[in-house]
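A.B. asks: Chains as they are written, first to last, in my numbering: chain W, 1 to 228; chain B, 1 to 319.
Honestly, the hints are just simulated from the structure, not real lab data.
Some hints could be false.
[As the list claims (entries may be wrong)] Selected chain B positions facing chain W (in silico; Cβ < 8 Å):
1. Asp26
2. Leu28
3. Val43
4. Ala107
5. Gln114
For glycine and all other residues, C-beta sits at the position ideal for the given N, C-alpha and C.
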Amino acid sequence: MSLDITTEGDASSSEESRQWTARVRNAAATAFPPDRLLPDRQPAYMASWIYVFGVLTVVSLAWVIITGCVLAVMGPSWWHVSGLGHFVNSLHLWSVEFFFFFMVIHLWGKFFMAAWRGNRKLTWVTGVVSFVASIAAAFTGYLSQSNFDSQWISTQAKDGINSTGAGAFWNVLNFGQMLMWHIVLLPIAVVIIAGLHVLMVRRRGIVPPFDIEPKDHGDTPSAAEPSE
Amino acid sequence: MSPRKAKRFNPDRDVKEWAGAYRPYDILKEAFVALVAVGVLIVLLAVVFSSPDDPAVTLKSWSTSDPVDFAQTAVTELDGTSPLATYGPPYNTTPDVTQHIGFFEPAQWIGVHQPINTAQDFVIGPLRTLSNEPLVQQALDAYDSATPTQQSTWTTAYEKAVANATDVHGRLQVPHARYGPVGVVIGSLTTMAQSGGLDGTLLSQGQFYNTNYTKPLLFIANGSYLNNLAGAQHLQGTQWGMMNETGNYPGQAWLWLYTMWYQVPPMKTSTNADLEVWAIMMALTVVLIFLPFIPVLRSIPRWSRVYRLIWRQHYRSLA
Chain W
1 MSLDITTEGD
11 ASSSEESRQW
21 TARVRNAAAT
31 AFPPDRLLPD
41 RQPAYMASWI
51 YVFGVLTVVS
61 LAWVIITGCV
71 LAVMGPSWWH
81 VSGLGHFVNS
91 LHLWSVEFFF
101 FFMVIHLWGK
111 FFMAAWRGNR
121 KLTWVTGVVS
131 FVASIAAAFT
141 GYLSQSNFDS
151 QWISTQAKDG
161 INSTGAGAFW
171 NVLNFGQMLM
181 WHIVLLPIAV
191 VIIAGLHVLM
201 VRRRGIVPPF
211 DIEPKDHGDT
221 PSAAEPSE
Chain B
1 MSPRKAKRFN
11 PDRDVKEWAG
21 AYRPYDILKE
31 AFVALVAVGV
41 LIVLLAVVFS
51 SPDDPAVTLK
61 SWSTSDPVDF
71 AQTAVTELDG
81 TSPLATYGPP
91 YNTTPDVTQH
101 IGFFEPAQWI
111 GVHQPINTAQ
121 DFVIGPLRTL
131 SNEPLVQQAL
141 DAYDSATPTQ
151 QSTWTTAYEK
161 AVANATDVHG
171 RLQVPHARYG
181 PVGVVIGSLT
191 TMAQSGGLDG
201 TLLSQGQFYN
211 TNYTKPLLFI
221 ANGSYLNNLA
231 GAQHLQGTQW
241 GMMNETGNYP
251 GQAWLWLYTM
261 WYQVPPMKTS
271 TNADLEVWAI
281 MMALTVVLIF
291 LPFIPVLRSI
301 PRWSRVYRLI
311 WRQHYRSLA
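Input sequences plus hints: build the corresponding full structure.
C.D. replies: Given below as structure tokens:
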């Protein structure tokens with residue numbers, strides 16, 4: 001007859017390894033070691049102005065959120081009646097324009113780099129989805145201006161939305177509904193998706209140039225995906 | 001269990017990880033400098049160019065500026081011939097008007113979810129609130145108790161008469177004709193709109209607070225007044241208005257592709273243009289999202305050789 005003896009330390013370790021908290025922590029530490037999350041060096045090929053547009057997009061989004069928060073503090077009518085409010089609205093408008101300008105250049109740059117190579121497909125997918133979510137966020141912003149422009153845009157856009165059937169529930173003429181989407185739901189979506197996108201970039205690193213694949217394109221280098 | 005077979009190297013899908021040199025890179029400093037630089041840029045543009053804020057059109061401003069257009073629109077709301085009265089879902093049940101692509105007719109499937117009866121909601125209902133005006137109430141009683149044929153005769157006569165109406169210092173002057181109580185009804189509605197009362201009545205939904213402008217917006221959009229203002233600001237669909245902004249400000253330029261489809265056949269003249277353009281844009285969006293998985297399309301960057309411009313320093317170092 002044998003007797004299994006489990007020490008207190010073993011039991012504790014085994015229990016810890018089954019914990020959700022421990023699993024998430026270990027997975028995060030493996031995926032994002034500090035020098036990958038906040039790198040202090042980059043591959044030598046990363047030497048082009050095109051790389052600047054990713055960070056420019058992120059900081060523009062930061063300005064969009066900061067200026068939007070100031071507008072939110074004072075309410076949706078403030079910018080119509082206050083010089084300071086109008087100035088903050090102008091900051092919000094131009095940060096949005098820059099955000100899209102930088103993001104589109106970033107997107108085209110990544111397309112021509114085929115930046116999805118080397119297990120980076122999900123990075124591309126989250127980037128495009130955040131672009132689409134940003135368009136929806138900006139659109140609801142235009143609807144929330146509560147001026148002539150928002151009247152015209154909403155009365156025109158209703159036909160497109162209604163033709164899909166979505167207008168039955170997502171009413172672009174309902175200022176309150178559009179404002180809530182603009183300042184709560186869509187910003188949360190954009191920030192979460194863009195955040196995932198940035199984390200994926202940090203995890204996988206910057207895609208290498210085309211020329212470093214094996215010349216013969218034969219079987220298997222380590223970075224070729226094992227399955228798809 | 002056999003190990004998974006390694007796939008053949010695909011240059012549009014795979015990479016060999018970089019084994020070359022690295023250089024110092026301060027990611028937080030770069031982000032901070034970028035934040036400040038963009039901040040300075042947006043402050044400069046905000047100071048120099050500001051932002052547009054053309055005041056909203058109200059039923060009061062519309063009926064005061066162009067009472068004839070208001071009256072012409074109002075009578076079509078009363079007799080159920082306005083664009084909204086014949087719109088179909090989600091506002092009403094007008095048959096055979098929803099946009100479709102073959103059997104695909106989502107608006108019809110989902111049906112009416114924001115019911116609007118233009119005669120009741122835009123004309124009769126608001127005027128019924130003027131309970132201390134017996135002439136208006138008598139006119140409404142006469143209209144309500146008439147047969148549909150009689151109502152149609154009156155509204156048709158009024159539509160002809162109001163086509164020759166004049167605006168005398170903001171007051172509507174409609175030539176006399178056999179339009180029965182409709183003259184009093186539309187005249188009273190115009191006066192009510194000019195006083196600002198109609199804005200509040202259409203916005204009210206039986207509660208003190210309200211943020212849903214669906215009804216007043218739909219009423220205003222049925223007239224020519226809003227459309228003419230938008231045309232002057234190059235905002236109409238035929239003017240690529242979707243990506244324009246009032247004044248000379250940049251608008252939603254990122255919608256250029258969406259609005260482009262409305263400018264080309266067959267969408268340009270199609271009665272199903274909105275649904276067709278949505279279908280095209282949804283299909284293109286899905287393609288863009290899943291581009292890395294689509295053979296041929298994912299090879300375009302390699303074939304285009306634009307990457308040699310992006311990584312020119314790298315290729316120069318290899319030479």
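A.B. asks: Indicate, hint by hint, whether the structure satisfies it.
C.D. replies: Verification of the supplied hints:
1. Asp26: 7 Å, holds
2. Leu28: 7 Å, holds
3. Val43: At 7 Å from the nearest chain W Cβ, Val43(B) passes the 8 Å test, so the hint holds.
4. Ala107: 5 Å, holds
5. Gln114: Given a least distance of 7 Å, the restraint on Gln114(B) holds.
No hint from the list above goes unmet by this structure.
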